[in-house]
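There are 2 protein chains.
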Amino acid sequence: MNNTFLKACRGEKTDYTPVWIMRQAGRYLPEYRRVRGKVGFLDLCKTPGLAAEVTLQPVDILKVDAAILFSDILIPIEAMGMKLEFHETKGPFIDNPIRDEASVWRLRTLNPAEDLPFVAETIKLLIKQLNVPLIGFSGAPFTLATYMIEGGSSRNFVNTKTMIYRNPGLFHLLMDKLTTMIICCLKAQIEAGVHAVQIFDTWAGALSPGDFREFELPYVKRIISGIETDVPVIYFPNNSGAMLNLAVESGADVISVDWRIGIADAVTILGDKISIQGNLDPTTLFGTHDIIRERVSDILHGAAKARGHIFNLGHGILPDTPVEGAVAMVDAVHELSSK
Amino acid sequence: MNNTFLKACRGEKTDYTPVWIMRQAGRYLPEYRRVRGKVGFLDLCKTPGLAAEVTLQPVDILKVDAAILFSDILIPIEAMGMKLEFHETKGPFIDNPIRDEASVWRLRTLNPAEDLPFVAETIKLLIKQLNVPLIGFSGAPFTLATYMIEGGSSRNFVNTKTMIYRNPGLFHLLMDKLTTMIICCLKAQIEAGVHAVQIFDTWAGALSPGDFREFELPYVKRIISGIETDVPVIYFPNNSGAMLNLAVESGADVISVDWRIGIADAVTILGDKISIQGNLDPTTLFGTHDIIRERVSDILHGAAKARGHIFNLGHGILPDTPVEGAVAMVDAVHELSSK
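Residue numbers (numbering that gives the first Met the number 0), protein chains in the order written: chain A, 0 to 338; chain B, 0 to 338.
No wet-lab data here; the hints were simulated from the structure. Do not take every clue at face value.
All copies of an identical chain are treated as equivalent in the list; a pair is satisfied when it fits inside any one copy or across any two copies.
[What the hints assert, rightly or not] Pairs of lysine to any residue, SDA-like flavour, derived with a Cα cap of 20 Å:
{"#": "1", "residue 1": "LYS123", "residue 2": "ALA101"}
{"#": "2", "residue 1": "LYS304", "residue 2": "GLY209"}
{"#": "3", "residue 1": "LYS89", "residue 2": "SER153"}
{"#": "4", "residue 1": "LYS89", "residue 2": "ARG154"}
{"#": "5", "residue 1": "LYS89", "residue 2": "GLY151"}
{"#": "6", "residue 1": "LYS123", "residue 2": "GLY192"}
{"#": "7", "residue 1": "LYS123", "residue 2": "LYS186"}
{"#": "8", "residue 1": "LYS89", "residue 2": "VAL157"}
{"#": "9", "residue 1": "LYS62", "residue 2": "GLY270"}
Predicted model, so just to flag it, every value in this text is computed and none were measured.
Only chain A is shown next, with the shape it has when bound in the complex (with noise of 0.2 Å):
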């Protein structure tokens, strides 16, 4: 197996700047598109042979260093008792939004093995294949908290910050029963055979960092040390530039970051401990494929002084990008790091 990307996890040193992308298996690919043209998007994720079917495809496509798991970070909350749906345009909506606490007691307590079985079995049929490593994934505590109190996506959070100031203890409640969850879908991805993990705090930027300190971070400490793990763990705090000082006191191997912060400081923020993960920005690959490659080479650079560097862009790939503009992308990386 080519182990490039596991060795840059751990700052071991290697031959060249392993690179994958976010939402890798996505609609920007008409094979993907293919595929999904046959099925709805959760009876995707929950179906072994076509979730792994579309996992493999970059891998041979873009020829990136690894795979990850098709799935949703939603995918857990739905067996915890939320009503999900994907709307094509609109994205998630849960129809029984948390707003009180009989609805936190009322979440059921997580078995990935019985509740979703789907997720250990596209693993096995993915291990088999991959001349990759593969990544696991998690939504982050508070991330999948937005989600069930929203009802889906959202502008200000309004629902979420007014329980947070009006009721943290019922917040503190949610975000322990997510924890325990979490801590448990990720120790089953482990034993079935994922190579890192991944915790997407896709909304963490919507917090102060005061209140990331207080109603995130401790959370994501105890999923980091629960887990118990030799695999790498990549934390992703979105949108959280301004406060990567807190990030690093999550005790992930490495923190993937987005692109509104030079890789240069972020990597001085990480300092010698952590490995660092990103951060082209994603509209980059609808411009030509000069602009690709300087800009590739530029946080190469930038990122020199990392304990490692995994290649990637600084959030998911948007479902317009041409493929010829990642496959530039990808080859900038390999290229221009070997040298």
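Please build the complex by placing chain B on the supplied structure of chain A, with the hints as guidance.
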């Protein structure tokens, strides 16, 4: 006139910390909704008597230390030839977005006295009645460019970034025209009597630090030096906490920061030549009065070493905010900073 706000902008000693609220004349106020019930949003902006009336409302109701001209950052680009509408739920919509060179060349050069006479008229009405300073404003060129290119609000700014990454010359041409227009509008507002101006860069945070330095900062600098004024200039690069070191180069007297950065960290970056404005999470106003008071206290302490501090939210007040939350914040700022 109570000039505490202006003193803080200039870094002079004040008896207490002045406070105002971005979008303080807005839908959260029943008094505002009463006026808006009779007239469309754009008509309200363009009717001096009514615009002055809603500008004054929060000064009376909240006892804030500054008023801000009621208008919209998109009004001048309408006068440049963009077909602008405001949809009740979806926000601004532009029917003829800029996608090619011809549409940039077609933009009209603006003459504020002729094209936007209502702006100076509103300012003149207000100056007679206000006992606190009046803030004029403009959108920053990048932020205005995104609306013109995307045709409204945007999530990922794909059209704007594609222009930057494929046709940077055309983007620079558009920015050049916007810069000239903004200088002209701000000069006209200052001539009509505003006591300070704020440049709203709502979407600055969509840019990487490298792109900000190349595609926005030079224009903001040109505006701030180009208006050749003694009135304080406030620059608000929203969601840019990890590139505040660049915003410092803008030449602004005050930098306004959002809530994603600890204010003490921001003060350290701004140094002793620039005052700070901000930065309470707007959703805090949905919380208990105890929480509001506690968070106000934290921010006042965090900003203790600032050259000058103008208290504000980290972004505009949200439409559903309870008025009593806003009142509690203003009272807490005045009381706690007077001690």
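The hints, checked one at a time:
1. Proximity of LYS123 to ALA101 under the C-alpha cut-off of 20 Å is found in neither arrangement, the shortest distances being 38 Å within a copy and 56 Å between copies.
2. With identical chains, the CA atoms of LYS304 and GLY209 are at most 20 Å apart between copies only, with a shortest distance of 19 Å across copies and 29 Å within one.
3. Taking the closest pair of Cα atoms, LYS89 and SER153 come within 20 Å of each other both inside a single copy (11 Å) and across two copies (14 Å).
4. When the C-alpha separation of LYS89 and ARG154 is checked against a cutoff of 20 Å, the pair qualifies both within a copy, at 13 Å, and between copies, at 13 Å.
5. Proximity of LYS89 and GLY151 under a CA criterion of 20 Å is satisfied in both settings, with 9 Å inside one chain copy and 18 Å between copies.
6. In the homo-oligomer, the alpha carbons of LYS123 and GLY192 lie at most 20 Å apart inside one protomer (7 Å), although the nearest pairing across protomers, at 71 Å, exceeds that limit.
7. Within a single copy, LYS123 and LYS186 get their C-alpha atoms as close as 15 Å, which meets the 20 Å cut-off; across copies the closest is 67 Å, which misses it.
8. Proximity of LYS89 to VAL157 under the C-alpha cut-off of 20 Å is found in both arrangements, the shortest distances being 19 Å within a copy and 18 Å between copies.
9. Taking CA atoms no more than 20 Å apart as the test, LYS62 paired with GLY270 passes in neither setting, with 30 Å inside one copy and 47 Å between copies.
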